[in-house]
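Peer 1: Residue strings, one per chain:
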Amino acid sequence: MQFGIFSVSDITTDPTTGHTPSEAERIKNIVTIAKHAEEVGLDVFALGEHHNEPFFSSSPTTTLAYIAAQTDKLLLSTATTLITTNDPVKIAEDYAMLQHLSGGRVDLTMGRGNTGPVYPWFGKDIRAGIPLAIENYALLHKLWREHVVDWQGKFRTPLQSFTSTPRPLDEVPPFVWHGSIRSPEIAEQAAFYGDGFFANHIFWPASHTQRMVELYRQRFAHYGHGDPDQAIVGLGGQVFINKNSQDAVKQFRPYFDNAPVYGHGPSLEDFTRETPLTVGSPQQVIDRTLGFRDYVGDYQRQLFLMDHAGLPLKTVLEQLDLLGEEVVPVLRKEFAALKPAHVPDAPTHASLLAKKLAAKEEVAA
Amino acid sequence: MKQRTLVVVSAGLSQPSSTRLLADQLAAATAAAGEAREIEFVVTTIELRDLAHDIMNHMLTGFPPGALKEALDAVAGADAVIAVSPIFTASYSGLFKSFFDVVDKDALVDKPVLIAATAGTARHSLALEHALRPMFAYLRAVVVPTSVFAASDDWGADSAEGFLQSRITRAAAELATEVGRREAATVTDPFALTVDFEDLLK
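So the protein sequences, as listed, match chains A and B.
For the first sequence, the UniProt record's numbering begins at 1 and goes up steadily by one.
For the second sequence, the UniProt record's numbering begins at 1 and goes up steadily by one.
The shape of chain A in the complex, shown without the other chains (with noise of 0.2 Å):
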């Protein structure tokens, strides 16, 4: 199973000392937390996309590749990466130079963005946003999968004799998550493709995710890529942790209580009680982690949100040094012990590369 931490990059005042920090502060304190992240063991970092303050993360392809030149087992991928106000063309270019540049450490998680606004900005309409979803991807899976490409759609100028460069790295797509809190026409993406399902998660009931998951896998074996079982699922997580759990809430009320989502609004107990935000000891940690298995089933990667609501770069660096010293390897061991043979790991690019190559010495025979 993967571990990791995902930033949605947001520039939050630091409600105990009033700090708002600099889009250079955030910026170069991104590339600490992700180094870190690799220091203490996690496997995965995952940067959002937005276009609009107060979030810095436009261009996360720069982000993620300075990152990879100074990592060396880090996997760097999105979240999300935005397939509906994106060129799917552009996606391809990039994220494929991003494959070359870190020697295949990259996948993405495609999401559709939240904010209408956003959307006329780069000539779209949000309500349109499912079906530029589903033609953009279908799009950006043809440009990493045919060599010359011809293509014509509804939201976008018609390709003809178009190839993507770079090609993808051994000629292997990155592999692509689908993201979505809600709509079941992802999940039912996701499932068709065969690609990964990764559920938010956070900041919402745990139903939602049981309800979207269940589906997912029923529609993975539906197009015969499986088992439901077999299905690639990911889940976000958010957690604050201090060895003795008293301290982690004294600690983190005051960002929780400001927080730009859910801040000003329930109390931390009510919404750690509905939602799986869990701050406490690190053992607190593990079975609340655990316990999300007893409704998604075996799944592959979780990610833990864990430099937002202005909390500064020490106190998140303190963060990932317990998640990667006392909660990590103790989950690691006992989803290990959890999980059937038959259910598979996240595909990697090795992973991906070796099935390839598998499949070609098997047309050979």
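The hints are simulated quantities; they were obtained by calculation from the structure and are not laboratory data.
For clarity, every value in this text was computed on a predicted model and none was experimentally measured.
A couple of the hints might just be wrong.
To be verified - Partial chain B-side listing against chain A, Cβ under 10 Å, derived: (1) His-58; (2) Pro-64; (3) Pro-65; (4) Tyr-138; (5) Val-187; (6) Asp-189; (7) Thr-194; (8) Phe-197; (9) Glu-198; (10) Leu-200.
From the three backbone atoms N, C-alpha and C, an ideal C-beta is built for every residue, glycine too.
Please arrange chain B on chain A, whose structure you already have, making use of the hints.
Peer 2: Below, chain B alone, put in the same frame as chain A:
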């Protein structure tokens, strides 16, 4: 006898509240009108005061906490709704509106609804027609023609068989008749897949 569900939404704030009193009278009258039409109403009453924090939290977080989720599901699955608000500052109360702001926009389509309100004086009575009725029209509910308004005067001893009671009886009969015309309500599962992917790809 066929069984149908009646959900009563009361936005009264005080306890006891005259809004709840009116809501209960409307529910009882609807149950009686149902009996005459071979309909047995199973009544659920929702006090919005108990859900006030949850309603605001739903607005702030985008999902309903447990108790509110139950209330919203009850409204969506109801065969008929009785909605009663106190009149504040010339309109429905903010709490009443906030609740219906978080009800799914399609949950009340073709659903029989009886609207009612309470206030200190009869001068507020048309708030039912200029505030509540248009809101439910927007939600494409079927609001019965008779709306019921009760001012402090109406609760006087001389009104037990008076004007208020006759309106309650008439409105309840209209609501039961609308329910009698319809099949039992069905709820669409938001997580169910309604389109074929091949069609989406086209």
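Peer 1: To test your reading of the hints: which numbers does this structure violate?
Peer 2: 4 and 5
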